[in-house]
Amino acid sequence: MIFTAKQIADFLQGEIIGNSEVKVSNFAKIEEGKPGTLTFLANPKYTHYIYETNADIVLVNHDFVAEKPIKSTLIKVPNAYAALASLLEMVNNTRPQKTGIDPMSFIAPTAQVGDDVYVAAFAYIGEHVKIADGAKIYPHAYIGDGVTVGKNTLVYSGVHIYYDCVIGDECILHSGAVIGADGFGFSHENEEYHKIPQMGNVVLENQVEVGANTTIDRAVMGSTFIRHGVKLDNLIQIAHNCEIGENTVMAAQTGIAGSTKIGDRAVLGGQVGIGGHIAIGNDVHIGAQSGIISNIKEGSEIMGSPAVPVKQFFKSSIIIPKLPDMYRQLNALQKEIEALKEKLTSAPEG
Amino acid sequence: MIFTAKQIADFLQGEIIGNSEVKVSNFAKIEEGKPGTLTFLANPKYTHYIYETNADIVLVNHDFVAEKPIKSTLIKVPNAYAALASLLEMVNNTRPQKTGIDPMSFIAPTAQVGDDVYVAAFAYIGEHVKIADGAKIYPHAYIGDGVTVGKNTLVYSGVHIYYDCVIGDECILHSGAVIGADGFGFSHENEEYHKIPQMGNVVLENQVEVGANTTIDRAVMGSTFIRHGVKLDNLIQIAHNCEIGENTVMAAQTGIAGSTKIGDRAVLGGQVGIGGHIAIGNDVHIGAQSGIISNIKEGSEIMGSPAVPVKQFFKSSIIIPKLPDMYRQLNALQKEIEALKEKLTSAPEG
Amino acid sequence: MIFTAKQIADFLQGEIIGNSEVKVSNFAKIEEGKPGTLTFLANPKYTHYIYETNADIVLVNHDFVAEKPIKSTLIKVPNAYAALASLLEMVNNTRPQKTGIDPMSFIAPTAQVGDDVYVAAFAYIGEHVKIADGAKIYPHAYIGDGVTVGKNTLVYSGVHIYYDCVIGDECILHSGAVIGADGFGFSHENEEYHKIPQMGNVVLENQVEVGANTTIDRAVMGSTFIRHGVKLDNLIQIAHNCEIGENTVMAAQTGIAGSTKIGDRAVLGGQVGIGGHIAIGNDVHIGAQSGIISNIKEGSEIMGSPAVPVKQFFKSSIIIPKLPDMYRQLNALQKEIEALKEKLTSAPEG
Chain W
1 MIFTAKQIAD FLQGEIIGNS EVKVSNFAKI EEGKPGTLTF LANPKYTHYI
51 YETNADIVLV NHDFVAEKPI KSTLIKVPNA YAALASLLEM VNNTRPQKTG
101 IDPMSFIAPT AQVGDDVYVA AFAYIGEHVK IADGAKIYPH AYIGDGVTVG
151 KNTLVYSGVH IYYDCVIGDE CILHSGAVIG ADGFGFSHEN EEYHKIPQMG
201 NVVLENQVEV GANTTIDRAV MGSTFIRHGV KLDNLIQIAH NCEIGENTVM
251 AAQTGIAGST KIGDRAVLGG QVGIGGHIAI GNDVHIGAQS GIISNIKEGS
301 EIMGSPAVPV KQFFKSSIII PKLPDMYRQL NALQKEIEAL KEKLTSAPEG
Chain F
1 MIFTAKQIAD FLQGEIIGNS EVKVSNFAKI EEGKPGTLTF LANPKYTHYI
51 YETNADIVLV NHDFVAEKPI KSTLIKVPNA YAALASLLEM VNNTRPQKTG
101 IDPMSFIAPT AQVGDDVYVA AFAYIGEHVK IADGAKIYPH AYIGDGVTVG
151 KNTLVYSGVH IYYDCVIGDE CILHSGAVIG ADGFGFSHEN EEYHKIPQMG
201 NVVLENQVEV GANTTIDRAV MGSTFIRHGV KLDNLIQIAH NCEIGENTVM
251 AAQTGIAGST KIGDRAVLGG QVGIGGHIAI GNDVHIGAQS GIISNIKEGS
301 EIMGSPAVPV KQFFKSSIII PKLPDMYRQL NALQKEIEAL KEKLTSAPEG
Chain A
1 MIFTAKQIAD FLQGEIIGNS EVKVSNFAKI EEGKPGTLTF LANPKYTHYI
51 YETNADIVLV NHDFVAEKPI KSTLIKVPNA YAALASLLEM VNNTRPQKTG
101 IDPMSFIAPT AQVGDDVYVA AFAYIGEHVK IADGAKIYPH AYIGDGVTVG
151 KNTLVYSGVH IYYDCVIGDE CILHSGAVIG ADGFGFSHEN EEYHKIPQMG
201 NVVLENQVEV GANTTIDRAV MGSTFIRHGV KLDNLIQIAH NCEIGENTVM
251 AAQTGIAGST KIGDRAVLGG QVGIGGHIAI GNDVHIGAQS GIISNIKEGS
301 EIMGSPAVPV KQFFKSSIII PKLPDMYRQL NALQKEIEAL KEKLTSAPEG
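Residue numbers (the working numbering), protein chains in the order written: chain W, 1 to 350; chain F, 1 to 350; chain A, 1 to 350.
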């Protein structure tokens, strides 16, 4: 891609300050900006970089006021980050799109494949699978028997989807994601564990994104539900019979034990652990590395293991390093009080 | 499947209370029971659902006594959960079984493949591999040179087994599991790390289940051992030269560092971390998110990071949010004592 | 392999004590030493095993002095562990090497493949890929369009490398590693998350090792950098736009959030979590399960969540189990002081 500042400002309906004919061919972060690149300033923490950057174009918010001279051409827009996102998306859409059925793929005779579908070499499509229009199935993806994959969904290389799972429209499944492996369910008899067959499935509604190497287990019966618009980062574990509410997001390496329900619009940090059979309300925020062992009311902001309100967590965290001193101080006070009591007792009373 | 209550009661040798001719075609959780489904009641916490469920059949324990009218047909059995498990297994066994060697598989000329084996399209079987009777190797599974796979073992899609590892009978390896990748071993010289070749292997004994995307590293020499009946959930890390005792179970995202030995029948929660060269006794229970940095005696129940006895962990956890108050209280007491001492010293003695 | 003690001593330039003609054909740990094996003694903790081991040869440090008779032949070397490593490497190099292009691989017409390259059955090499001399691409590895793979790099089975990533020379990528999946970046509008296209890539410099099922996300723009000699264990998450400095090592299941920079020669324990936009200096040591939420100065040794200096962490950890007693003691003291004040106030003053 090569664009002038004018072309970009026209696309974004932004205002140019500087040379409207300067050309860029790539994006850069503001601290790494080189000639020929476009960058953006959204986070005020990075403002000082705008006076040094070598990027030729910087997208800035409408209310940005320069305090020193700037080499770059500025394009003022209502929201620099959103403007960047739409530019990135526009350029991304110009990338060549994979299409067609590769002869080195495996498609079972009973599978149904829609229009404008990509099925790569070494992709495996099982019996009775339905692949909707516009879906893309990359190499080494495994679509088990009876699975449905929705419209325009991307299934990247090495995704594994076990039988009978349902994947919605416009989902993105990243490499190594495993959807519908058996839940971890056993009956315990005579000191051995006997497998409980996991007969349910996983349902991903529309616009769900699943990160690389994330695992979502099939239900023992019924479904594990990932609702509309959920975004899961990498290496997350969702156990059997969980339900993750609409537009909830989870950072990497978080794990949710079986039958737990999480509400809508929840935000979970990385490496969070949530126990089984727990209910988390809507709009809950959970800090990184938290451990949750009981139900959480909607709107809560919590952190720690076990989790407490986030402010309380940080207040206690400040005290913990003082514990050895507190311990000594407490025992010193104990002795002082003993001494005072001694003194008072031995002192003649009047 | 379609079964009448009578057929199910006969299979389970249970007692029918209600309509013996009602038919079901699927399973459901008691809170999600719909007409045409069978459910169960094992956990007393869920008892209230039995009076509302629309499931047509409910498996209950022999000692269950209804306190209100119930719409559903009940089948009384000694253990409702175990009865459910055997029903699920019976139905699961009626699912079509994969079989045969797909012409789009790769089987090295020196490999030996037993009877009734399934080798899927895009499965890779290396040199000198031995696949025993009844094993099933799904698409994109990689069986490295010299590996043996035991009888009736399931190797799901995208499992990777490095050379010379040994997989027992009736094991289940879920998608993305990696068995026998190099242990993390380096010698440190001149500020650089030099790889120590990892020449050992991994041995899985019989009836081991390995979750999706779990990794078990090969030994530097000798073997990493996963003993009979061990069940590992998803995204677990077992480092080189570990030994996991018989019938031990681990929840998801737990990690065990190198050369650590865990006894028989241990139960580990999720996201536990155990240091290297540690010995954990038999029958140890370790709570979720614990960190273990020293040997643990058999039968211990521990939690926390560093871990302490589980009761102690929870007792301390209750106090931690009170720390800021304790800190203030302690310093206030300190001042009060100073004041008292002052008063006592300045007071005329007698 | 079969070697005599003499052959091994010659190779290592070591000194033999005992039978120079004894033959070994395998390696063993000292506590598992059997006839026909060679072992080593480096960690003094294991010294007592040398008097019991059945290994025929033991590598020992030059300064080792036996306190009792030893059955085995000893070979004295300056550094027993380094000597073992070079022996293991020598033997490892005698293992048959994979080579050649398998006809069941997929290589795009525009890809360039160097000399002495191995491309296995079911390996996928995309458009405009460059595979340098001596690289090995195992089954089910996916090399996306425009990727370059350096000299002698090993890409094991089931590794997935997204488009335009750059992999250096002499790297090792273990099974299930995912390089260059989309970073977790969304703009938040109207209670929904909209994907920010991730247009950058991942750059692995030379001699980087990436563990099984580890994920390294591509940058939103620019590159996620893994510098020379970095060693990453299994199941690690590196988010978009991170930079990991030279010769840094990380143990399993650690996660680094977006845009964080880690210095050279850092050592991270397992299950560490580091927040986004953080700077970690050179030579920092971070204990297992730590949580890092602010910048860390070079040379720091820290632990805990939130992390504090490692000594402070352990000092506080010792006090935490005493908290319930401290709480009781503090409240008892409060009462005693109240009582003392009462007494002092009510006592006639002189």
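Derived by calculation from the structure, the hints in this document are not laboratory data.
Any given hint could be a false lead.
Identical chains share a label here; the pair holds if one copy fits it or two copies do between them.
Once the Cα atoms are required to be at most 35 Å apart in a straight line, the calculated DSBU-like pairs of lysine-lysine come out as [as the list claims (entries may be wrong)]:
(1) 335 x 68
(2) 76 x 45
(3) 130 x 195
(4) 315 x 34
(5) 98 x 23
(6) 68 x 311
(7) 130 x 23
(8) 343 x 29
(9) 71 x 343
(10) 195 x 29
(11) 341 x 23
(12) 343 x 68
(13) 315 x 6
(14) 23 x 195
(15) 322 x 343
(16) 297 x 45
(17) 335 x 45
(18) 71 x 311
(19) 311 x 76
Checked hints:
1. For the homomeric pair residue 335 and residue 68, neither the shortest alpha-carbon distance inside one copy (63 Å) nor that between copies (53 Å) is at most 35 Å.
2. When the C-alpha separation of residue 76 and residue 45 is checked against a cutoff of 35 Å, the pair qualifies only within one copy, where the shortest distance is 18 Å, while the shortest distance between copies is 59 Å.
3. Taking the closest pair of Cα atoms, residue 130 and residue 195 come within 35 Å of each other both inside a single copy (30 Å) and across two copies (26 Å).
4. Taking the shortest Cα distances, residue 315 and residue 34 never come within 35 Å of each other, neither inside one copy (43 Å) nor across copies (49 Å).
5. In this homomeric assembly, residue 98 and residue 23 come within 35 Å of each other (Cα to Cα) only inside a single copy, at 29 Å, whereas the closest approach across copies is 48 Å.
6. Taking identical chains as interchangeable, the C-alpha atoms of residue 68 and residue 311 are never at most 35 Å apart, the minima being 38 Å within one chain and 47 Å between chains.
7. Taking the shortest alpha-carbon separations for residue 130 and residue 23, only the inter-copy value of 30 Å comes in at or below 35 Å, while the best intra-copy value is 45 Å.
8. Taking the closest pair of Cα atoms, residue 343 and residue 29 never come within 35 Å of each other, the shortest separation being 71 Å inside a single copy and 66 Å across copies.
9. For the homomeric pair residue 71 and residue 343, neither the shortest alpha-carbon distance inside one copy (78 Å) nor that between copies (71 Å) is at most 35 Å.
10. Taking identical chains as interchangeable, the C-alpha atoms of residue 195 and residue 29 lie at most 35 Å apart only when they sit on different chains, with a minimum of 18 Å there against 51 Å within one chain.
11. Taking the shortest Cα distances, residue 341 and residue 23 never come within 35 Å of each other, neither inside one copy (84 Å) nor across copies (79 Å).
12. For the homomeric pair residue 343 and residue 68, neither the shortest alpha-carbon distance inside one copy (71 Å) nor that between copies (64 Å) is at most 35 Å.
13. Proximity of residue 315 and residue 6 under a CA criterion of 35 Å is satisfied in neither setting, with 51 Å inside one chain copy and 62 Å between copies.
14. In this assembly of identical chains, residue 23 and residue 195 lie within 35 Å of each other by CA distance solely across copies; the values are 26 Å between and 63 Å within a copy.
15. Taking the closest pair of Cα atoms, residue 322 and residue 343 come within 35 Å of each other both inside a single copy (31 Å) and across two copies (30 Å).
16. Taking the shortest alpha-carbon separations for residue 297 and residue 45, both the intra-copy value of 33 Å and the inter-copy value of 20 Å come in at or below 35 Å.
17. Proximity of residue 335 to residue 45 under the C-alpha cut-off of 35 Å is found in neither arrangement, the shortest distances being 51 Å within a copy and 43 Å between copies.
18. In the homo-oligomer, the alpha carbons of residue 71 and residue 311 never lie at most 35 Å apart, since the shortest distance is 43 Å inside one protomer and 49 Å across protomers.
19. Taking the closest pair of Cα atoms, residue 311 and residue 76 never come within 35 Å of each other, the shortest separation being 37 Å inside a single copy and 51 Å across copies.
Hints 1, 4, 6, 8, 9, 11, 12, 13, 17, 18 and 19 from the list above are not met by this structure, while the remaining hints are.
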